[in-house]
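These are the residues of each chain, in order.
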Amino acid sequence: MMESSSGTASVATVNTNPNISTDRARWKKKKKSLLQQHQSKQNQNLQSHAKWKTEAQQQIYSSKLIQALSQVNLNPSSSSAPRQGRAVREVADRALAFAAKGKTRWSRAILTNRIKLKFRKQQHKRQRLASSSSSGSTAVATASNGRSSRRHKVSVFRLKGKGFPAVQRKVRALGRLVPGCRKQPLPIILEEATDYIAALEMQVKAMSAIAELLSRSTSGAGSSLEPMNS
Amino acid sequence: MSNRRSRQSSDPRITDDQIIDLVSKLRQLLPEISQRRSDKVSASKVLQETCNYIRNLHREVDDLSERLSQLLATIDADSPEAAIIRSLIM
Chain B
1 MMESSSGTAS VATVNTNPNI STDRARWKKK KKSLLQQHQS KQNQNLQSHA KWKTEAQQQI
61 YSSKLIQALS QVNLNPSSSS APRQGRAVRE VADRALAFAA KGKTRWSRAI LTNRIKLKFR
121 KQQHKRQRLA SSSSSGSTAV ATASNGRSSR RHKVSVFRLK GKGFPAVQRK VRALGRLVPG
181 CRKQPLPIIL EEATDYIAAL EMQVKAMSAI AELLSRSTSG AGSSLEPMNS
Chain A
1 MSNRRSRQSS DPRITDDQII DLVSKLRQLL PEISQRRSDK VSASKVLQET CNYIRNLHRE
61 VDDLSERLSQ LLATIDADSP EAAIIRSLIM
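So the sequences go chain by chain: B and A.
1 is the number of the first residue of the first sequence in the UniProt record's numbering; add one for each residue after it.
1 is the number of the first residue of the second sequence in the UniProt record's numbering; add one for each residue after it.
It is worth saying that the hints were derived from the structure and are not from the lab.
Some hints here could point you the wrong way.
[Stated by the list, open to error] Subject to a maximum C-alpha distance of 25 Å in a straight line, what follows is the list of computed SDA-like cross-link-like pairs (lysine to any residue):
{"hint": "1", "chain 1": "B", "residue 1": "Lys51", "chain 2": "A", "residue 2": "Ala73"}
{"hint": "2", "chain 1": "A", "residue 1": "Lys45", "chain 2": "B", "residue 2": "Arg172"}
{"hint": "3", "chain 1": "B", "residue 1": "Lys53", "chain 2": "A", "residue 2": "Glu49"}
{"hint": "4", "chain 1": "B", "residue 1": "Lys103", "chain 2": "A", "residue 2": "Lys45"}
{"hint": "5", "chain 1": "B", "residue 1": "Lys53", "chain 2": "A", "residue 2": "Asn52"}
{"hint": "6", "chain 1": "A", "residue 1": "Lys25", "chain 2": "B", "residue 2": "Pro185"}
{"hint": "7", "chain 1": "B", "residue 1": "Lys205", "chain 2": "A", "residue 2": "Val61"}
{"hint": "8", "chain 1": "B", "residue 1": "Lys103", "chain 2": "A", "residue 2": "Ile19"}
{"hint": "9", "chain 1": "A", "residue 1": "Lys25", "chain 2": "B", "residue 2": "Lys125"}
{"hint": "10", "chain 1": "B", "residue 1": "Lys205", "chain 2": "A", "residue 2": "Gln48"}
{"hint": "11", "chain 1": "B", "residue 1": "Lys183", "chain 2": "A", "residue 2": "Ser24"}
[Claimed, not checked] Listed below are several chain B residues computed to face chain A (Cβ distance under 7 Å; list not exhaustive):
{"hint": "12", "residue": "Val88"}
{"hint": "13", "residue": "Leu177"}
{"hint": "14", "residue": "Val204"}
{"hint": "15", "residue": "Ala209"}
{"hint": "16", "residue": "Ala211"}
Every residue, glycine too, gets a C-beta built ideally from N, C-alpha and C.
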């Protein structure tokens, strides 16, 4: 259950200590420093949330995204629609991670993920070529997938004492949703999730604005475009 | 801060208060829960709502990228239009 700051004070007074007056004085000092730390942390977090909500950040992201999208080859004849949508999604995520300037785990994970994927693809190809003579190649693919899921289950049971297993499951699910946070402890996952949510909201806002602009320009004659000043 | 009674956590420097703090911050970001009464929300509920919200945002981004890919495919044919758009936005 969640407690406010008054709740924490009641927790401290339960401490059985023979010398209550000095303990209380010590507790007051601790509380003051805690409050200051809490406020400074709040300011930091406010900065990170406010950072994602500024108009400037959205414009930085939008321009980067359009720049990247113009380089993607979106030819309707070359690939199917869902794959193109997937390609756009990856470009958007990479642009978002780039806009985060690498200060958060999830952004660094997105940026390095592409390199890892390329490397893993080469590894799988080599394994498949090697094992195609002995056994089926599908066995290798399923074994690699199974390895990742087995590792996930082991990490769930190892973290005891943090609450019910239901909470555990939810923490792990949240860790899987935020990129780069699969094996991180709870406070890191929470911190990353707060920044990630703010970034995602900005991404949705920017992409819908771009889509709106594009749809308006393609449907209209093109002369009714409103000038956007940066 | 390290004198606090901490349960068997993986890292003794991480206090429960810190976690409660982070969870409350997370709760403030979620659109639904902040409208209800704040004191009766459990951490489990916050985590569940966070997962759902992130999944929703992912789905929105997927739909938007789908839409953008279609729009860009049609607009690629008209190169002067694309140049105009790019010059306006950047």
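*Broken hints, by number*: Those not satisfied are hints 1, 4, 9 and 15.
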